[in-house]
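Novice: In order, the protein sequence lines correspond to chains A and B.
Our numbering puts the first residue of the first sequence at 1, with every later residue one more than the last.
Our numbering puts the first residue of the second sequence at 1001, with every later residue one more than the last.
One or more of the hints may lead you astray.
[Claimed, not checked] List of simulated lysine to any residue pairs, SDA-like, C-alpha gap at most 25 Å:
1) A:204 x A:15
2) A:48 x B:1069
3) A:48 x B:1056
[What the hints assert, rightly or not] Heads up, incomplete: computed chain B residues facing chain A, CB under 7 Å, no partners named:
4) 1045
5) 1047
6) 1050
7) 1057
8) 1059
9) 1061
10) 1074
11) 1089
12) 1091
13) 1110
14) 1115
15) 1118
16) 1119
17) 1122
18) 1136
19) 1140
In case anyone wonders, no lab produced these hints; they're calculated from the structure.
Using N, Cα and C, we set each Cβ at its ideal position, and we do this for glycine too.
Here is how the chains run, residue by residue.
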Amino acid sequence: MITVVGWLYVRHAAARIEATWSAHTSSAPSRIYSRALDLYPGRSLDGKEFARELEARGYRPAPAHGPLAPGQYRAGGDRIDVGLHGFRYPPPEDGFEGLPVRIRFRGGRIASLTDLSADSAVVDVRLEPVVVADLLDRHMVLRSPVTLQRVSASLVEAVLTVEDRRFYEHGGIDPVRMAGAALHDLRHGRLEQGGSTLTQQLVKNYYLSSRKTLGRKLREAIMAMVLEHEHDKAEILRAYLNEVYLGQEGPVSIVGVQEAARHYFSRDASRLDLAQSALLAGMIRSPAAYDPFRHPEAARRRRAAVLGMLAARGTIDPAERERASREPLPRPPRQRPLDAAPYFVDYVERELARRFPADTLRREGLRVFTTLEPRMQRAAEAAVGSGLADLERAHPDLRRPGLRALQAALVAMDPRTGDVVAMVGGRSYRSSQFNRATEARRQPGSLFKPFVYLTALEDTTGHWTLATPVPDSSLSVRVGDTVWTPHDFDGSEHGMVPLRDALVHSYNLATARLALDVGLPRVVSTARALGVQGRLEPVPSVSLGAFETTPLVMADAYSALAGGGIRPDPLTVLHVVDAGGSAVEARELEMRRVAPAGPVYLVDRALQDVLDRGTAASARRLGYGGRAAGKTGTSSDYRDAWFAGFTPSLVTVVWVGFDDNRSVGLTGADAALPIWVRFVEAVGGSPDQPFTVPDGIRTTSVDSATGLLPGPGCGPTREEVFLQGTIPSRRCDSVGRGSP
Amino acid sequence: MSGGASTARIPVGRRPGAFPRVVLALVAGLGVAACAGGGTEGRAVPPVDARAAAPERAASERLVERGRGLLEGGRPRDAASVLERAVRVDPSNGRAYLELARARMVLGEPEVARGLLQQAAALLRPYPEMEARVDSLRAVLGGG
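Make the full structure from the sequences, and use the hints.
Specialist: In structure tokens:
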């Protein structure tokens, strides 16, 4: 009878182990990466900035002398030597094994790259991406399973020495050790010492509670023996090394030797040296007490004790023990990468959730490569934070006790690829996780106007050019039962103004009239082609941005303006690679022409004037001296303040407002533009990059007032750009001034 | 200049000391010409590749060559991956889009290829010698 019950229990235990073994041994959170940093001679990058990039990836300063290990760097003079980590990029370039390189800098650029292992010049090296986030399950466990081949021999030796010297001799339980532990417990009158083998520890972690009862110990012993029967020693050792708890980073548990090696030493477990192996093996007993960052002295003593055990077993000689004892302890990284880009991570996770079940995302160790540029993201977060603080200092009424805080959002995209390179969804993720960059639907106001002008300039009759005078005069339009009567910002009418100036100064009356003349359905159709989604009705007020949209959508639409009418699909996720290194998803670069290049170029030229002499001219006073185009936006009652600014290589949209929709009392130029200036100044912004001039663009002088060709009797002239065939044939003197 | 004939009115009859009509007409014509600049034809703006000499172009070109090699070697998916990297290293490099369009075409993705080709054509305007390659791919893809 006892035999039958025992047999049944063993069968039950074996079934339980097998049902979850694979899930246990391979479970790992998915990891989200930024873009890698391409390094090549001539690249704009200085030493200080590069050191920041290294620190964001957990690289640590190396000791002044001695060899350079992976994950270390040494700065001196005009150069930085760095031990680049090996990294598994998405296929086909997945096999980078790491490299010690010397990078020399001159004049804010990389002057040369040298492979220090071969003492030869290299022209193309990548610094691996930053870990932006790990998608943890409710257990908040950070783990990166590795094979035994990717764990250093010194660590395996140290772990076995400290935790289970007879591992290769016992069958799951070690009676000798158990007897010793039982004697100890009897002497002290309580259950203190486990005498557990690695196999028992593994069983306890995987399948049992941590309570110290006799029944639990018995189950642990039986299951350990079953485990040894079902799996070989190598499998059990690998599982143990990937499962062992080795510390805490805030609420997140560091589990497994690979993650611990990265956390404490910024290197892979395969690269751990003797001193590091001894410390890590010693920490298993009590990771908190021996944490080298928090308790360096205790960690040093524990490491010395482990080195002593290794020496006593004859694994290392006295000289090795002495050398390893003198090694410095690791220092904590200066930056904690886990805090980076929380709104972006949320957005990416939502994107991934459309394709992968939540359980897959949090347990199957996917590696997700994204478009995020850490340098841009840092600049974006700093610009939003300091920009809002400055606004509140200058306008104390923006900060009222008991009311919600002023918020901002920023989205930056590369208009040539659609890559979202930075995203800030609010002033503090800690206090509000609502992503205003992608979720807040707000009125864009005048940010919409360029789509009206683009529609007019696209008109194939050539009726409208940038020089065409348009009336900025009052109008009322009946819409259903109501009458819509727009006004200009300054409350006045400006008479006949060139179409260019109507956009540059953001005149509402001229824009509304133009939209009605061109046809509201056509305006809506243009906006939709540029990517403006959602409810967009062909009503007169749409011309002034009276509908709701998000900063991300506006950045998408403006990328078509920055890209000469070619609109790429916005991208955040580039590749998803499974734990085995196979690509499971690749998002391709896709783009299409959504507007003819010529009219887009004309709009871009006018929008450049916005910064030079229009509604965003204060950008120059704020210190922005580069070449860029942009548009301010302010919604009804000053509820939303916007600025969209772009160069051919970067589109940035900034929104400022309150979540409860109350008035900010400031225009886009007052509230959003300063944040944009801070951001683009911090990232360099390619200020001298001209917009590509498409086919069929002509320039000529026109009379400033009438937009006609100048004649002897006309006033000041200016250069204007036209589409071929649309230059006016009449001269101002043939029709008289002021009567175009 | 075309369309530049003067229409200035010269008074009938000549007062003593006044300039001859033909001189006035000439001055007026010159004045209009000076004001009018390019006239109704205007001046064309030549296309320029402002990033041609930028260091990222050389880095991107190395990747383009690697991508071309993979494509010629019958590995279009790998080629596309390398060429996408070439685009991201220098998104102003028209050749990178062109080769990527070729890879996408080989992979049976003509719509994607067409969009990339549009970008390639826009960026390669300063290089007339590339026109034939763009046109031949466009012909294969049909449209775009």
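Novice: So, for every hint listed, does it hold in this structure?
Specialist: Now for the hints, and whether the structure bears them out:
{"no.": "1", "hint": "A:204 x A:15", "result": "16 Å, holds"}
{"no.": "2", "hint": "A:48 x B:1069", "result": "37 Å, violated"}
{"no.": "3", "hint": "A:48 x B:1056", "result": "20 Å, holds"}
{"no.": "4", "hint": "1045", "result": "5 Å, holds"}
{"no.": "5", "hint": "1047", "result": "6 Å, holds"}
{"no.": "6", "hint": "1050", "result": "5 Å, holds"}
{"no.": "7", "hint": "1057", "result": "9 Å, violated"}
{"no.": "8", "hint": "1059", "result": "4 Å, holds"}
{"no.": "9", "hint": "1061", "result": "11 Å, violated"}
{"no.": "10", "hint": "1074", "result": "13 Å, violated"}
{"no.": "11", "hint": "1089", "result": "5 Å, holds"}
{"no.": "12", "hint": "1091", "result": "4 Å, holds"}
{"no.": "13", "hint": "1110", "result": "12 Å, violated"}
{"no.": "14", "hint": "1115", "result": "4 Å, holds"}
{"no.": "15", "hint": "1118", "result": "5 Å, holds"}
{"no.": "16", "hint": "1119", "result": "5 Å, holds"}
{"no.": "17", "hint": "1122", "result": "6 Å, holds"}
{"no.": "18", "hint": "1136", "result": "19 Å, violated"}
{"no.": "19", "hint": "1140", "result": "18 Å, violated"}
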